[in-house]
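Residue numbers (the working numbering), protein chains in the order written: chain A, 1 to 296; chain B, 1 to 467; chain C, 1 to 283.
Treat the hints with care, as some may be off.
Here are the simulated BS3-like cross-link-like pairs (lysine-lysine), alpha carbons at most 25 Å apart as the crow flies [said to hold, decoys possible]:
#	chain 1	residue 1	chain 2	residue 2
1	B	K13	B	K40
2	A	K69	B	K447
3	C	K7	A	K99
4	B	K364	B	K73
5	B	K241	B	K138
6	B	K460	B	K138
7	B	K13	C	K241
8	A	K132	C	K241
9	B	K50	C	K241
10	B	K447	A	K53
11	B	K364	A	K53
12	B	K347	B	K40
13	B	K447	B	K73
14	C	K7	A	K202
15	B	K241	B	K50
16	B	K364	B	K377
17	C	K241	A	K99
Some chain B residues close to chain C (C-beta under 7 Å, calculated; not the full set) [as the list claims (entries may be wrong)]:
#	residue
18	A29
19	P32
20	A93
In case anyone wonders, no lab produced these hints; they're calculated from the structure.
A quick note: this is a predicted structure, and the numbers were derived from the prediction, not measured.
Ideal placement from N, C-alpha and C gives every residue a C-beta, glycine not left out.
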Amino acid sequence: MAKLHSETRALFRGLAFVSPWLVGFFAFTLVPIAMSLYYSFCDYTLLQPPLFKGLNNYRLLAHDRVFWKVVLNTTIYALMALPLGMIVALGVAMLLNLKIRGLSIYRTIIFLPSLVPTIASAVLWLWLFNSKLGLINTALRVIGVTNPPGWLTDVHWAMPALVFMSVWGIGNTVIIYLAGLQDVPRELYEAANIDGATTLRKIWHVTLPLISPVIFFNLIMGIIGTLQVFAVPYVMTQGGPARSTYFYTMYLYDNAFSYLKMGYADAMAWIQLLIILALTALAAWSGKRWVHYQGS
Amino acid sequence: MSSFSTRILSGIKRLVVVALIASGLGLLAFGPRAGEELPKDCVIVDYWEKWTGDEEAGMHQIVDDFNTTVGRKEHIYVRYLSTSSIEQKTLVAIAAGTPPDVAGLYNQDIPQYGALDSLQPLDDLAAEHGITAQMYKKVFWDECHYDGHLYGLVSSAYDVALYYNTHIFRQSASALEARGLDPQRAPRTIAELDQYAQALDRFDPSGRITLAGYLPMEPGWYLNYTCIWFGGSWWNNAEHKFTFTDPGVVNSFKWIQSYSDRLGPTAVNDFRSGFGTIDSPQNAFLTPSVAMVQQGTFFAHFIHRQNPSMDGHWAAAPFPSALPNLRDVTYCNCDVLVIPRGARHQKEAFEFIAFVNRQDEMEKLANLHCKISPLAKVSEGFLAHSNNPYIRVFDRLAASPNAHPTEPIPILPEVNDELNDFEQQLQLQQVSPEEGLRQVQVRLQQKYDQFMEDQRQRRKQHGQTAF
Amino acid sequence: MTSSRPKFAAHLLLLVICVAALLPFLWMISTSLKTLAATTAYPPTFWPNPIQWHNYVDVFRNEKANFLLWTRNTLIIAVLGVTGTTLSSALAAYGFARLRFRGRNVLFVIMLCTMMLPFPVTMTSLFALFRWLGDHTGIAWLGTFKPLWVPLWFGSAFNIFLLRQFFLTIPNELSESARIDGCSEFGIFWRIILPLSRPALAVVALFAFLAIWNDFLGPLVYLQRPEQFTLVLGLQNFQSKAGGTSWHLLMAASVLVITPAVLLFFLAQKSFIEGIATTGLKG
């Protein structure tokens, strides 16, 4: 009896402490999620009462070629930006981990771009990519490229330009990798040296397995981030030219606040949520094969 | 590092922290604030408007006129609030239940807003104030209506014509005359416009464009309506059907495409990347990089503001049409004042709207904005003293039977986005006009039918007045 | 890895990377000091000549932008938001880290899952919810700063997670002895754990500040009038109005938007790096 009593007290005490989050979770997460699920089955203009239409929004989405266009664009962007960002970040982190002098200065400079607010960096790169007056094409002309691409105004180069730009802001990821790399015990490398392993073999057999949890973390965060890309193309290209940089969240935003099709937008949001959950689950499932947790 | 320099470093750090916090607190305590002193005994009418700069200053004069005359008598005070992306923000504010009393929208917002029951119909208030159709040029009165209801009144109106650089025309006189063209006047048909454009094009030794006679994409604001100069239209209002495959529409886009075909899409792109917006000295017509542009009445003001040395070196004429018997064609647009649903001071708001629509105030604002008057009656003084030396051309065009309004379609934002995409594809030569227009037709008709079907069902379920 | 050749190569590579990372900043600063004519001169030059310092003054005097007011707005939201999220997250993190109760682990996992939730899923419904709150409490929510800072008083998953990791490292004996002295649980949290966690709290506050400083979609959805804009929203607004023309002013404004974040970073570099490293490591 006394045990039960103390357990109940512990429960109340615990709930009291986590209550700020718990209340917020119900009010600002759970209720909106439930509402958005309901609206996704409705025609809802926000100005008029919702009209229940069953699966109509999902059916319309399946036949909406702009929807498929943004799905394709977002997939292409993710497939380019995610691996590129992760590999470059890992490479830079490995360089930084060579215990060389000036590490903290290099690290600071590489981290600096990820401090820049998204909008500010979009504005900045808009200027850098300017096909006539921008830094990038000026540099390209200096090294002898006579006809550099129009970047953001060129239907083939706009997407690569955004990917290229995303690599500039990987400082965050570099720091996370670097911390992981510094946790790798030095004895393991020494042992590998004795075995006469080459650098590549050491990376493959020692480094990568040991930092696989960090890679896994960055992969999940990267999936979530790249699939939601919004602010940068919203400012830089507005989805153009010819919708070549029109991404999922942008179309969702336009449907919600420009066309006032909240139900349609919510259906898109739910599809996005399910895709992210599925990809995360897939990553977690595959992770069982390649992620090695030390100790546990 | 010695402990001494560490101490200095941490001292600097502390100093920076203190400076940051102090400036932050200072800004919080003494920084600029939103809000102003408001008269106590008046009904405050909140008026959201899109304009900034000169346009805002112009409207401020009208607001002040109102506040010191009618407003003082009736105890109404209009507060002007400048708002960006007004069409979205107002819609969202209406949805949020916090709308302004008056919103300054674009005429093309009226169908969407009207269809979503988000505007107060003004038919009765207008009748009370004696405001009738006869007082307006027909095209503008039409643009204020959707589905038989009056939803707004005009604040500022313009129509579109051809601006041409007479200085360049004179310089290129021999080239023009060689083609049998008259350098003293503007082209009168589309075929002639093409001839003028080619005669005026200039290239540098490497083949790069340095001056284009005409570029449909510069500024490209009226591409959606270029079909009207080809005798076409993409909307059949009687049958509620899009008609994007109408020959006039197809031909207009074929003509637009002919320019990127002739000059090369990449060359045009490169050329245009150095152009500034309308309100900059780098504007293509001002530098000058383009000799002829399709622009609205207000453009004269921007020419004067950004490059006064061009005053007297340009002229305006009706934009030429493709068909011989089609004359004085123009596309008309206006800014409208509406009362959002749920606005708290509707009667007072309309007092202000009616005030702006008085002939004297309307002409005053039209002159300040360098636009035309939407009213049927135009005073000689207005025409004589307008800041646009070609105001008579514009005024005549707007009163012409071939003055064309924006199509009254409730899904216009989607129509515009879709056409914008199609035009970009066209310019990049990704799609043929026929195929592109066919896709646009199918997609938009389906969106429109769905929208109307949902609205019909909603009315059946919830009755006429929703919410 | 002791021979000098690989190290030399590494230095060279890092140098190239650093130049690539810094060049955009330099171009931004250089443009921000140019005259309008110099920004459009072709071919462009790297060094501004003449140097036009008053671009920075012009940014504040610009008729299209009120950066001082926007900075003040951002600071209001930041002060309210940072205070709220730090306190509430600490409270919840204490519950998750140092109290045992039934369902704790389930709740913790749910909380971690919310980190994956895309904002658009709740965006439209939150909008409707805030309208409902406005209609039923008589206090306007939409068109005010409230939607941007009030939710932050209910903890955020990321911060709770970060603080929990830190609280776990504080020895249990400290709270045990306090408990024996008759200290209440809240007393232990307030008087023992919080003072010991200052570095972690600083990290959370820093991240929260940066998140608010950088947030775009939230202000875009909830704020309606320019006099309410945050700095970033104002910058975007300024860009859409002045873009393609006043690049020198636009770059000067960007420099001003970026500077506080960079300054903060230099002041708290160590906490920053550690904070970021922790998020990735112990996931």
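In ascending order, which of the hints set out earlier in this document are inconsistent with the structure?
Structure breaks hints 1, 6, 7, 11, 13, 15, 17, 18.
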